[in-house]
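Please model the complete structure; the sequences and the hints are all you need to start from.
In order, the protein sequence lines correspond to chains C and Y. Add 69 to a position in the first sequence, counting from 1, and you land on the number used in the numbering used here. Add 1 to a position in the second sequence, counting from 1, and you land on the number used in the numbering used here.
FYI, nobody ran anything at the bench for these hints, they're computed from the structure. Just so we're clear, the structure is a prediction, and the values are computed from it rather than from any experiment. Each residue gets a CB set at the ideal place from its N, CA and C atoms; glycine is no exception. Fair warning: there could be bad hints in the mix.
Partial selection, computed: residues in chain C whose CB lies under 8 Å from chain Y [as the list claims (entries may be wrong)]:
#1 ARG74
#2 HIS76
#3 ALA78
#4 THR79
#5 ARG82
#6 ASN83
#7 GLU93
#8 TYR95
#9 GLU96
#10 GLY98
#11 TRP99
#12 ASP128
#13 ILE130
#14 GLY158
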Amino acid sequence: MSLARSHTATIARNELWSDGAATEPYEAGWAREAIFFVRALEAKVPLQGATAHVQLSPDGIHWVDEGGSFALPNHDGGLSFGRVERFGGWLRLRIALPDGAALRVIASIALKE
Amino acid sequence: MGVTTTVYRSDPRLARFDPLERIVYFDDFDDGYNGWVGLIGNYENSLDTMLPGYQQLMQPMLSNVTHWDTGSHGAFDGTYCLKTATRPVKGQQNVTLKRITFRHLGRIQFECYFCFKPEANRMELSELDVRSIGVLFDLQHGEGGDRRVMPHLRYLNALDGRPMQKWQYKHRRQPFHDIGGSGKTVSHYHLAPEGWDDVPNGAQRLCYNEVPTKINWHYLKIGFDLKTMSFTELRCNDRVFEVGAMQPMTMPAMANLWCMLNVCLFVETDVDRRAFFYVDSALLSGEF
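See the structure below:
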C-alpha cells in the first residue's frame, strides 16, 4: 500500500505584508490539492476586507488570479485558510489590504497528492 | 570490480555515482523531499531574534523545471528535482539541508548532480546572474569530542557582474551572537559573503548553455574524513582538485549537536533576480 504524499511548506515567515504584497512562487506540480494557512503574528488595523487571492502561473513568472480568495486574519493570533485544487504547477498569494493596514504573518501551504 | 560495485552499477539510477562502501542515503526527488528542508536560524521567544541572514531563507521545492518558452525540462531522471530558490534581490541566499547523525568516525562522501540557473524573466544570456552555489557539511564530534566542524565549499560563478568561475572554501568564522535571553542559544551566520579562499587551481568553466532555460546536469563529489576532520576529495565533472590545503571551519563543540551530520545546499544571486539551484539526485555514503 502506498500512502499519498503530503508536504507542508512555510511560504512566508515573520514577513510584514502591506497592500500588493505577494508570496514567493511555490512549485507544486506534484500535488493535487493545497490549503493555504495564514496566521497573524501582528495585525495593524484597519484590516476590514483584507483578502488573500490565490494566483496561478504557467511558468512561475506570469501570474493570474485563480478566482479563489479568503479573508485574512484581522487580529493578533488570528488564523485563516483557503483551499485550491487543479492548479497546475505554481501557486502564490496576492495580498490586498486597506490603506494603512499591515499584517505580520507566518503562512504555509499544505500540499497533498 | 567488487560485489558492492557490481550491485550498484546494475541499477541505472545508482550507476552514475561512485559511492563508498555503504550508502547512507540516496535521494531521488521523484520520491519526494526525502527530508531535505529549508534552513532556519536559531531563535528564542520571537522570530525577530533570528539573525538577519537567516530571515531571508525559504523552503525548497520539487521542480519539474518548467520554463515559459519550452515547458517542462524535467529532472536528471524522472520528473522532479530539488530546487532551492533565492528571492529576487541582489545578494540574497537560500539554503536547503538534510539532517542526520553519524555512527562511525570515518570517511564520508557526498555526491550529487546539479545545475544552477537564474529566473528566465529576461530574454538575455544572464550567465552572470547567479553568484554562487555550494555545499557545506555541519558536523560535530560525538559526546566527549571537542569540535564542531563546518567544511564549506562553493562555486563562485560571478561577483558584481564579473565572471569568477572558480571553487572556493571557507574556514574563517563569523562571530557568535547570543539569541534570546536564556543563555542557552547562540547563532552565527556562517554564509556571510566575506572570508572565502580560493581552492588551489580551482578555476573551472561549467556548461551554462546559451539561454537560461537549458539545463545541463553536472557531477559533484565531496569527500571528508570525520576522524581527521579534513577534506579528502573534491571533484566536479572531469576536474579533480587538490584538497590538501583546504581547511574546514571549526569551533568549540556545542551543547546539543553530538554526532551531527548535516549536508547543506546553498545558492546566492548576484542580481535582482531569483537564482535557482537544482539537484537530482543526492547520495551520501560512508566507509564503514
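The hints, checked one at a time:
A least Cβ separation of about 5 Å between C:ARG74 and chain Y falls short of the 8 Å threshold, and the interface hint therefore holds. With a cut of 8 Å, the hint placing C:HIS76 at the interface with chain Y holds, because the nearest CB-to-CB distance is about 6 Å. At its closest, the beta carbon of C:ALA78 sits 4 Å from a beta carbon of chain Y; the interface hint therefore holds under the 8 Å criterion. Among the interface hints, the one on C:THR79 holds; its C-beta lies about 6 Å from the nearest C-beta in chain Y, closer than the 8 Å criterion.
With a least beta-carbon distance of about 7 Å to chain Y, the hint placing C:ARG82 at the interface is held under the 8 Å criterion. Interface hint at C:ASN83: satisfied, since its Cβ lies 4 Å from the closest Cβ of chain Y, which is below the 8 Å cut-off. Hint on C:GLU93 holds. Least Cβ distance to chain Y is approximately 6 Å, under the 8 Å limit. Taking 8 Å as the C-beta contact cut-off toward chain Y, the hint placing C:TYR95 at the interface holds, the least distance being around 6 Å.
Because the closest C-beta pair between C:GLU96 and chain Y is about 4 Å apart, less than 8 Å, the hint holds. Taking 8 Å as the C-beta cut-off, the interface hint given for C:GLY98 holds, the closest approach to chain Y being about 5 Å. Evaluation of the C:TRP99 hint against chain Y yields a held restraint, the C-beta minimum of about 6 Å falling below 8 Å. Residue-level restraint check for C:ASP128 holds (minimum Cβ-Cβ distance to chain Y is 4 Å; threshold 8 Å).
Nearest Cβ of chain Y to the Cβ of C:ILE130: about 5 Å, under the 8 Å cut. The hint holds. A distance limit of 8 Å between C-beta atoms decides the matter here; for C:GLY158 the minimum to chain Y is near 5 Å, and the interface restraint holds.
Hint check: no violations occur; every hint is consistent with the structure.
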